[in-house]
Amino acid sequence: MYIDDYTLRRLLQELLRKKTRNQVVQEIKLKGEKFHQYNLDKFLEGKDVSLSTLQKIDNYVCRQYYKEGKSPLI
153 MYIDDYTLRR
163 LLQELLRKKT
173 RNQVVQEIKL
183 KGEKFHQYNL
193 DKFLEGKDVS
203 LSTLQKIDNY
213 VCRQYYKEGK
223 SPLI
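Residue numbers (the numbering used here): 153 to 226.
Think of the hints as simulated: they come from the structure by calculation, not from any bench. Quick caveat, the model's predicted, so the values are computed rather than measured. Keep in mind that the hints are not guaranteed to be accurate.
Below are the SDA-like pairs computed for lysine to any residue, each with C-alpha atoms no more than 25 angstroms apart in a straight line [what the hints assert, rightly or not]:
(1) LYS194 <-> LEU163
(2) LYS194 <-> ASP210
(3) LYS194 <-> ARG169
(4) LYS181 <-> GLU166
(5) LYS181 <-> ASP200
(6) LYS199 <-> GLU166
(7) LYS171 <-> CYS214
(8) LYS219 <-> ARG162
(9) LYS186 <-> ARG161
(10) LYS194 <-> LEU167
(11) LYS171 <-> HIS188
(12) LYS181 <-> GLN165
(13) LYS194 <-> GLU166
(14) LYS194 <-> ARG162
(15) LYS183 <-> SER204
(16) LYS186 <-> ILE155
(17) LYS181 <-> LEU167
(18) LYS194 <-> GLY184
(19) LYS170 <-> LEU182
(20) LYS186 <-> THR159
(21) LYS186 <-> VAL176
(22) LYS170 <-> TYR158
DEER-style ranges, computed between Cβ atoms [to be verified]:
(23) LYS186 <-> CYS214: 11 to 21 angstroms
(24) TYR218 <-> GLN178: 16 to 26 angstroms
(25) TYR190 <-> ASN211: 16 to 26 angstroms
Beta carbons are placed, not taken as given, at the ideal position from N, Cα and C, and that holds for glycine.
Taking the hints into account, I'd like the entire structure generated from these sequences.
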């Protein structure tokens, strides 16, 4: 899978207008993933994060957009 981190960051920031960072982290953890808020903070600041962190964030963002009936690609 090709992950465009700039677009992913923008989409995540749009989701964070409706939810807190802690809510996002807790929802990722509910799916059985290990995830910490500092991973989300590092990603939002534009710092380097691991590929597994990017995949977890990407999966979360896509799930949220598809749940709303929107496409994350627009």
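Consistency of the hints with the structure:
Only pairs whose Cα atoms come within 25 angstroms are accepted, and LYS194 paired with LEU163 is accepted, the gap being roughly 16 angstroms. Between LYS194 and ASP210 the CA atoms are separated by roughly 15 angstroms; this keeps the pair inside 25 angstroms, and the hint holds. The straight-line distance between the Cα atoms of LYS194 and ARG169 is roughly 18 angstroms, inside the 25 angstroms bound, and the hint therefore holds. Restraint check for LYS181 and GLU166: the C-alpha separation of about 20 angstroms stays at or below 25 angstroms, so the hint holds.
For the given pair, LYS181 sits about 21 angstroms from ASP200 by alpha-carbon distance, which is consistent with the 25 angstroms threshold. Proposed proximity of LYS199 and GLU166 is supported: the alpha carbons are some 19 angstroms apart, at most 25 angstroms. Under the criterion of a C-alpha separation no larger than 25 angstroms, the hint pairing LYS171 with CYS214 is consistent with the structure, at around 15 angstroms. Under the criterion of a C-alpha separation no larger than 25 angstroms, the hint pairing LYS219 with ARG162 is consistent with the structure, at around 18 angstroms.
A distance of roughly 20 angstroms separates the Cα atoms of LYS186 and ARG161; the hinted pair therefore holds under the 25 angstroms criterion. Between LYS194 and LEU167 the alpha-carbon distance is near 17 angstroms, which keeps this suggested pair within the 25 angstroms criterion. For the given pair, LYS171 sits about 16 angstroms from HIS188 by alpha-carbon distance, which is consistent with the 25 angstroms threshold. At most 25 angstroms may separate the alpha-carbon atoms for a hinted pair to count; LYS181 and GLN165 meet this at roughly 19 angstroms.
With a C-alpha separation of about 17 angstroms, the suggested pair LYS194 and GLU166 falls inside the 25 angstroms cut-off, and the hint holds. A hinted pair counts as satisfied when its Cα atoms are at most 25 angstroms apart, and LYS194 with ARG162 qualifies at roughly 14 angstroms. At roughly 14 angstroms between alpha-carbon atoms, LYS183 and SER204 fall within 25 angstroms of each other, so this suggested pair holds. A distance of roughly 20 angstroms separates the Cα atoms of LYS186 and ILE155; the hinted pair therefore holds under the 25 angstroms criterion.
Using a Cα cut-off of 25 angstroms, the hinted pair LYS181 and LEU167 holds, with the two alpha carbons roughly 17 angstroms apart. For the suggested pair LYS194 and GLY184, the alpha carbons sit about 21 angstroms apart, so the restraint of at most 25 angstroms is met. Restraint check: the Cα-Cα separation between LYS170 and LEU182 comes to about 19 angstroms, which is no more than 25 angstroms; the hinted pair holds. Taking the CA atoms of LYS186 and THR159, the gap is about 23 angstroms. The hint holds against a cut of 25 angstroms.
With a CA separation close to 13 angstroms, the supplied pair LYS186 and VAL176 stays within the 25 angstroms bound. For the hint linking LYS170 to TYR158, the alpha-carbon distance of about 20 angstroms falls within 25 angstroms, and the restraint holds. Judged by the Cβ atoms, the range 11 to 21 angstroms given for LYS186 and CYS214 holds: they are separated by roughly 19 angstroms. Taking 16 to 26 angstroms as the suggested C-beta distance range, the pair TYR218 and GLN178 conforms, at roughly 20 angstroms.
Between TYR190 and ASN211 the C-beta distance comes to about 19 angstroms, which sits within the given range of 16 to 26 angstroms.
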